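Starting from the known structure of chain A, arrange chain B on it as the hints suggest.
2 protein chains.
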Amino acid sequence: MLAKQYKDMLAEESVIRKMFYFSTARAKEIGAENMFDYSLGNPSVPVPEKFSQVIAQLLAEEDPVALHGYSPGAGIYSVREKIAESLKKRFAIEYRPEHIFMTTGSAGALAHAIRCVTQPGDEIITFAPCFPEYFPYVSMSGAVLKAVLPSLKDFQINFEMLENMMTPKTAALLINSPNNPSGIVYSQETIQCLADFMQRKAKEYGHEIYLISDEPYREIVFEGKKAPYIAAFYADTITCYSFSKSLSIPGERIGYLAAGPACKDAETIVSMCIQVSRTTGHNCPSSLMQLAVSKMLDMTSDLSVYETNMELLYRKLTELGFSCVKPGGTFYIFPKALEEDANLFCEKAKKYDLALVPGDTFGCPGYFRMAYCIDTQKVKRSFAALEKFVREEYGGKNETRKA
Amino acid sequence: MLAKQYKDMLAEESVIRKMFYFSTARAKEIGAENMFDYSLGNPSVPVPEKFSQVIAQLLAEEDPVALHGYSPGAGIYSVREKIAESLKKRFAIEYRPEHIFMTTGSAGALAHAIRCVTQPGDEIITFAPCFPEYFPYVSMSGAVLKAVLPSLKDFQINFEMLENMMTPKTAALLINSPNNPSGIVYSQETIQCLADFMQRKAKEYGHEIYLISDEPYREIVFEGKKAPYIAAFYADTITCYSFSKSLSIPGERIGYLAAGPACKDAETIVSMCIQVSRTTGHNCPSSLMQLAVSKMLDMTSDLSVYETNMELLYRKLTELGFSCVKPGGTFYIFPKALEEDANLFCEKAKKYDLALVPGDTFGCPGYFRMAYCIDTQKVKRSFAALEKFVREEYGGKNETRKA
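Protein sequences, first through last, are from chains A and B. Reading the first sequence from the start, the letters are residues 7 to 409 in our numbering. Reading the second sequence from the start, the letters are residues 7 to 409 in our numbering.
Since the hints were made in silico from the structure, they are not lab data. Some clues are possibly wrong.
Intra- or inter-copy, both count: the list cannot distinguish identical chains.
Simulated pairs of lysine-lysine, DSS-like, Cα-Cα distance not exceeding 30 Å [unchecked claim]:
| # | residue 1 | residue 2 |
| --- | --- | --- |
| 1 | K10 | K175 |
| 2 | K175 | K13 |
| 3 | K231 | K386 |
| 4 | K152 | K10 |
| 5 | K232 | K394 |
| 6 | K357 | K94 |
| 7 | K56 | K301 |
None of these values were measured; they are calculated from a predicted model.
Here chain A stands alone, though its shape is the one from the complex (with noise of 0.2 Å):
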């Protein structure tokens, strides 16, 4: 008979999937170039030519049955030693190879990471708004996840509505900053904040809890700020990073998890992670692809497209009288939708050849994401479509507002 835990999760397909398929079907109606595709995450600049390069040169100089042969649990150590390398030098924290593992991107770290650190039963807090498949990733693994609602007016973290969701089962937290899907950053205040009052709750509970800090848009951050590099605030931090935002390479999966040096089972954690691996299939990301991005660990693409899409956009909405937090960073805007459904607003919008997604799928009723990693020409062509759906739908209400 079929597994009835996942039979189940077939029903619940998911919106931004559906939004997506929308998206595809109506772009053969009318052309690709009159759709604004606002709906998928998919980064929309090249990786850097030097990838093709480095690839090239793998394949011409390396032995093949050494290149394509199998890596160790962990992943290739000498690309552990540069991944280490790389965020000492950058975050000036005591990384060594033993505290890095390698994954199929941020999901497959978050997947290890999580595992690692519960028992069944144990509790995971997260914030809304976040990325929905957070809560697949931790069904199956027997912890349960809960998620703390935001302060609206900032997506910054409500301490007061944690606090109350705290309980001795709470095992961790996992936060995402740059986030998905309202394009904040947090702040250096909150996150210190934060790591007070976990080390406070750890004391109170008499036991760890882990820091898990999903990290694939660590890159993207705009007004040529950084985003504070979260384990520098609590020791016991397990960074979860992915390349398929920075490198724009989501296809190829990889990423790797890194145990914070202070937490003091983090080399434990990295020998659990082979062990989750042996249960799950995973058995490391393609050796070819973690060679190639160790070749090419402090470049990126060039993101700056997303800030140009950014500006572009908040300034359009605002002038359109849509209210909305600023994003630090990612490729993302998470404004309030002009109606309280955000259902039926995106719905409403589809016929404006416009996908926007509702914050539902978020945990944050009333808001709507758009992905902003289109092509900025095509940014600026959806502003006709976006004014004439606010006049046509929303006339009166956003007079309402701009007067």
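This is chain B only, laid out in the frame that chain A set:
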């Protein structure tokens, strides 16, 4: 607190790995050419040169954003089409792309298949000697793995013991032919018997019993033969394939799961695999690797060296008095040890710079595995060490056996 179940696994170090570590350390002392490492199943022949050409072409001709972009949950559709087409052509079974799910090698396929067809508490039955990693693949899925002991005369299936181990909780049988570690290929007769048996049992229990067929060695068969294609014998077969061995790219982690088209839930199983991935953080193998192997489906590395090595080793082992079933494929041979405790036997072999793996780790005590995916010259050079080992440690026994 760290997860007890994974932390406990740290204690049970892999015997194969331990032997490999010994071998690596010893090679440093005496030179790699003098260490006869028969411990690891790592392909020793290079991937066909076409592989690098295919990758270079993809990198040169495809749009990098699309090439390295997210693949859909089940894998890239065109890749699944080509795999279905190739299987259809080779095995005359009506596969469609909807039956194919792209995985990180056979390990990934097995982990998905097991999760799809079991409920917590269900049982899966496999056949010793078997790949030890089957146990962790099953352990965290909520199911239980039991192993049927083999018919030692030919390592085909022991149907009497299988019958005794079946219960209404048996959700699936897990087989591996050509087999690691025995090198045996199940005969057409064995497979037909198994199919008939399973049909009878499925009827008796009133529910499907799935046949999970682990086939990484499908293309490594000797004497110009082909391994019978398991799914042709039994409708509810889930085939788990890997390109690791046929193309010598185990580090690239690429394979697929194929749900038998005659299985009524075939497409549901593939859809469920996507859901399983969401919980394990799998999210497909590398896009570049998917596309690369799709252009090499009907090719293999030059696998002839494995047969050459097998013939040499089989002759020598028989000559030295070992009792041994002649392998029909793979790059393993599984002789009976010259004393009851194969662990002691393999421990003694280390003195002669021979790395052998005791059969206990494969659920078959008293035997040992030699992985002869090494250079043929080295196989030949190892004979003096083998002879010395047998003469000095088992001189009398060997004479007796020969007499």
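* To do: Check each numbered hint from earlier against the structure, then list the numbers of those it violates in ascending order.
  => Violated hints (numbers, rising): 5 and 6; every other hint is consistent with the structure.
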